[in-house]
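A.B. asks: Residue numbers (our numbering), protein chains in the order written: chain A, 41 to 501; chain B, 41 to 501.
A portion of the hints provided could be inaccurate.
Pairs count within a copy or across copies, as identical chains cannot be separated in the list.
The calculated DSSO-like cross-link candidates involving lysine-lysine, where the alpha carbons are at most 30 angstroms apart (straight line), are [stated by the list, open to error]:
| no. | residue 1 | residue 2 |
| --- | --- | --- |
| 1 | K65 | K45 |
| 2 | K337 | K289 |
| 3 | K216 | K289 |
| 4 | K337 | K216 |
| 5 | K216 | K328 |
| 6 | K81 | K485 |
The set of hints was computed from the structure by calculation and includes no laboratory data.
The primary structure of each chain is shown beneath.
There are 2 protein chains.
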Amino acid sequence: MTERKNITIMGAGLVGSLLSLYLAKRGHKVDIYERRPDMRKILLDGGRSINLALSDRGFKALRGIGIEEAVRKVAIPMHGRMMHDEQGNLTFQPYGKEGQSIYSVSRAGLNAALMDLSEPNPDITYHFNRQLLDLDLRQSKATLRNHETGELEELHTEMLFGADGAFSMVRNAMQKTERYNYSQSYLEYGYKELTIPPAEDGGWALEKNALHIWPRGNYMMIALPNIDGSFTCTLFFPYEGELSFESIKTDDDLLNFFLQTFPDAIPLMPDLAEDYFSNPIGSLVTVKCFPWSFEDKALLIGDACHAVVPFYGQGMNAGFEDITVLDQMLDTFDGDWESLFKKFERRRKPDADAIADLAVMNFIEMRDKVADPRFLLRKKIEGRINQQYPDKWIPLYSMVTFTDLPYSYALETGREQDKIMKKVMKHIKAVEDYDKPEVQKLLEKQLVKKEKLKGYQAEKV
Amino acid sequence: MTERKNITIMGAGLVGSLLSLYLAKRGHKVDIYERRPDMRKILLDGGRSINLALSDRGFKALRGIGIEEAVRKVAIPMHGRMMHDEQGNLTFQPYGKEGQSIYSVSRAGLNAALMDLSEPNPDITYHFNRQLLDLDLRQSKATLRNHETGELEELHTEMLFGADGAFSMVRNAMQKTERYNYSQSYLEYGYKELTIPPAEDGGWALEKNALHIWPRGNYMMIALPNIDGSFTCTLFFPYEGELSFESIKTDDDLLNFFLQTFPDAIPLMPDLAEDYFSNPIGSLVTVKCFPWSFEDKALLIGDACHAVVPFYGQGMNAGFEDITVLDQMLDTFDGDWESLFKKFERRRKPDADAIADLAVMNFIEMRDKVADPRFLLRKKIEGRINQQYPDKWIPLYSMVTFTDLPYSYALETGREQDKIMKKVMKHIKAVEDYDKPEVQKLLEKQLVKKEKLKGYQAEKV
Numbered sequence: 041m042t043e044r045k046n047i048t049i050m051g052a053g054l055v056g057s058l059l060s061l062y063l064a065k066r067g068h069k070v071d072i073y074e075r076r077p078d079m080r081k082i083l084l085d086g087g088r089s090i091n092l093a094l095s096d097r098g099f100k101a102l103r104g105i106g107i108e109e110a111v112r113k114v115a116i117p118m119h120g121r122m123m124h125d126e127q128g129n130l131t132f133q134p135y136g137k138e139g140q141s142i143y144s145v146s147r148a149g150l151n152a153a154l155m156d157l158s159e160p161n162p163d164i165t166y167h168f169n170r171q172l173l174d175l176d177l178r179q180s181k182a183t184l185r186n187h188e189t190g191e192l193e194e195l196h197t198e199m200l201f202g203a204d205g206a207f208s209m210v211r212n213a214m215q216k217t218e219r220y221n222y223s224q225s226y227l228e229y230g231y232k233e234l235t236i237p238p239a240e241d242g243g244w245a246l247e248k249n250a251l252h253i254w255p256r257g258n259y260m261m262i263a264l265p266n267i268d269g270s271f272t273c274t275l276f277f278p279y280e281g282e283l284s285f286e287s288i289k290t291d292d293d294l295l296n297f298f299l300q301t302f303p304d305a306i307p308l309m310p311d312l313a314e315d316y317f318s319n320p321i322g323s324l325v326t327v328k329c330f331p332w333s334f335e336d337k338a339l340l341i342g343d344a345c346h347a348v349v350p351f352y353g354q355g356m357n358a359g360f361e362d363i364t365v366l367d368q369m370l371d372t373f374d375g376d377w378e379s380l381f382k383k384f385e386r387r388r389k390p391d392a393d394a395i396a397d398l399a400v401m402n403f404i405e406m407r408d409k410v411a412d413p414r415f416l417l418r419k420k421i422e423g424r425i426n427q428q429y430p431d432k433w434i435p436l437y438s439m440v441t442f443t444d445l446p447y448s449y450a451l452e453t454g455r456e457q458d459k460i461m462k463k464v465m466k467h468i469k470a471v472e473d474y475d476k477p478e479v480q481k482l483l484e485k486q487l488v489k490k491e492k493l494k495g496y497q498a499e500k501v
Numbered sequence: 041m042t043e044r045k046n047i048t049i050m051g052a053g054l055v056g057s058l059l060s061l062y063l064a065k066r067g068h069k070v071d072i073y074e075r076r077p078d079m080r081k082i083l084l085d086g087g088r089s090i091n092l093a094l095s096d097r098g099f100k101a102l103r104g105i106g107i108e109e110a111v112r113k114v115a116i117p118m119h120g121r122m123m124h125d126e127q128g129n130l131t132f133q134p135y136g137k138e139g140q141s142i143y144s145v146s147r148a149g150l151n152a153a154l155m156d157l158s159e160p161n162p163d164i165t166y167h168f169n170r171q172l173l174d175l176d177l178r179q180s181k182a183t184l185r186n187h188e189t190g191e192l193e194e195l196h197t198e199m200l201f202g203a204d205g206a207f208s209m210v211r212n213a214m215q216k217t218e219r220y221n222y223s224q225s226y227l228e229y230g231y232k233e234l235t236i237p238p239a240e241d242g243g244w245a246l247e248k249n250a251l252h253i254w255p256r257g258n259y260m261m262i263a264l265p266n267i268d269g270s271f272t273c274t275l276f277f278p279y280e281g282e283l284s285f286e287s288i289k290t291d292d293d294l295l296n297f298f299l300q301t302f303p304d305a306i307p308l309m310p311d312l313a314e315d316y317f318s319n320p321i322g323s324l325v326t327v328k329c330f331p332w333s334f335e336d337k338a339l340l341i342g343d344a345c346h347a348v349v350p351f352y353g354q355g356m357n358a359g360f361e362d363i364t365v366l367d368q369m370l371d372t373f374d375g376d377w378e379s380l381f382k383k384f385e386r387r388r389k390p391d392a393d394a395i396a397d398l399a400v401m402n403f404i405e406m407r408d409k410v411a412d413p414r415f416l417l418r419k420k421i422e423g424r425i426n427q428q429y430p431d432k433w434i435p436l437y438s439m440v441t442f443t444d445l446p447y448s449y450a451l452e453t454g455r456e457q458d459k460i461m462k463k464v465m466k467h468i469k470a471v472e473d474y475d476k477p478e479v480q481k482l483l484e485k486q487l488v489k490k491e492k493l494k495g496y497q498a499e500k501v
């Protein structure tokens, strides 16, 4: 155990709260400052990101503090995607192999659970209603507004973790340092959350164990189940244009649009118009930056250094994996925090960039490709390849979701596999064609090539 | 002629000064605000970007206000690159065809000339020593510090052009609007300016009509001639690492490094150590952003919306071309400024992105590839192709430098030509091999393919 540090965490969200537990376990004293009130006492943020998909990387981080099973119990497994076409016909596509699922969890519920777990720890103290206004990184001096008293408070931060999300004020201070690399890019789409309440019998009005998608080419709606029997739907929709948030102005516009586009959802959404016109439009931003640290004084983590769009369901999982990776590095830590931070940011940056790019790419898959029978056939063929060559071929989605292979490796390998699949699919009209000798021969040849490449890449990982 | 506007330009640099002339010609009243004192009265910015390469796009914009020839007279044509190896051996590579050159001009001299031309115009007023501190875009309200009086001044900006460079305060205000796309990325290299004074006879100590390059793999030095007989050298060098700005601490370090690396330059640089240790290290940033305008109230132009690294010599040329394009659009202007701004930014953004990427790529060419005989042979072969097929093949460098084809078209066409050159060069060991039947046949076939593609692209341009 190295020297006990007084650590400040900005942000008591999912990543900040989980991080506090890991750091306290290592013997450090942690103070968490959070802009908002204690979410366990006051209901916040109606209409914004009510549930999230938790997958293997996230569970791994929860395992480290012993709450994996407890969380799994209040999460709803989603075994695959359920596509709804314009006539209300359903098609199901499993995410992975038998037993592989992603889990719908309540963001607020999980956050509260992490707070409940950490708050009794004598080494962890929460300070709510404290908004970071200004940060002098060199002097380690933070100025906060105490929203309970209205007063300004000054804070010396011996060591600071910025877990304060996509619009991080800690990152904002880093951006003012010399030669800082930074980008923020917005999709021309926003999102709006809508609700499907529980059915009359209290159960779920749609198949419970699936992520529902209404793919409509350049936009889409999705729905994830909640444990109370409801679904939270999210409409991803252009800000402007012929069919867009801008073009839908009245209840009639809305109803006509839904009747044409999502007819099977209308009877399930009694409060559609009210939800639609009272909920805010969320924006979809990707943030990339570098470096993530300032000397041995501050480190960004989670969305603060790599906010991604939600289409791979990996935002929270990637933030949790930051903690797993940092904790692994602490196993062999020599006491030099600055070099630890540098090692961490160098290790994680390529993976953060990869999941950011994957997430943008997956929007196209979800809103468009999943409606294409050829695409679904290809997914089945990939499943067969994985079955036949479990060590040599894991589909991209599975690498990202059901393994902890580095995201950057998954992206690279996925590209190689994509090239091979294009060749293979030329010979495939139906699943049965997979067994044809020419397909088997082609695949074998391609896999040998791929293995050579993979061996080379593995050295880099 | 549309309604006469009161136009504010922030920044009296090259782009701001030239823009004022174009706008006044259209009948508008222009006020230019500049943070620094009048550069014609006070010598500024020693050691930073003393000369620049002016090429066709820049001259075209100067032609529009009738000073092309006057500028050409005080500029030094550089017909090609002169490479210096570690033994001081020289190799020359022409930039284009006979008569095609880029021109070394004094940044301060050109800026002063533009000011001298515009200041007597009763519709153009310069306000020096005015620093933009804050800008409220919605209210069109600018707050400036008057550095002569120390007072704050408020300004209503009926229409504002932000020509205030890579660290633009006008852009800074736009960045605070909703869903603003922005990126700044720095190379891990800095630059330092050094001087080769005139020879004893008052002439140039190196070949005058060339851009000199000392390519050294991952870093390089270049030199451009000035009209007083001197050269301004720029060392592009890593910030950190074994050989870097960080590693060179003493006069001895510096001398040893130059003796090993640039031995032929040492006798020409009597003030090397003084220059090196007193001049600042400049940083190399690429800025991309979108949109460039705010309603009908403000428009960014030049470096303010597309700062690029200097390796293609196109920063000023691209900014001047913004003005040419805007002026062309004003020819058919219907009086709707907001839609003009939107049309302008949509038209220019792909070209600004392209030249930014080309400039980063050209750093590798200059510091590394130009030292490779195979690369120089390839350039010669490309020259032959251009000679044989003048309408079908213009080398990438020439498209960028000696034409006004859109940068984005040049980048795309350059990529196609690069693929073809890879195939062609497999058959080439010397320039004479160009005439071999198999080379001629291959080229003909590839050009047919390329023409088809080009026809398709031309429709998009």
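A.B. asks: Indicate, hint by hint, whether the structure satisfies it.
C.D. replies: Status of each hint after checking the structure:
{"no.": "1", "hint": "K65 x K45", "in the structure": "within (12 angstroms within a copy, 66 angstroms between copies)"}
{"no.": "2", "hint": "K337 x K289", "in the structure": "between (49 angstroms within a copy, 27 angstroms between copies)"}
{"no.": "3", "hint": "K216 x K289", "in the structure": "between (41 angstroms within a copy, 27 angstroms between copies)"}
{"no.": "4", "hint": "K337 x K216", "in the structure": "both (15 angstroms within a copy, 28 angstroms between copies)"}
{"no.": "5", "hint": "K216 x K328", "in the structure": "both (15 angstroms within a copy, 17 angstroms between copies)"}
{"no.": "6", "hint": "K81 x K485", "in the structure": "neither (61 angstroms within a copy, 74 angstroms between copies)"}
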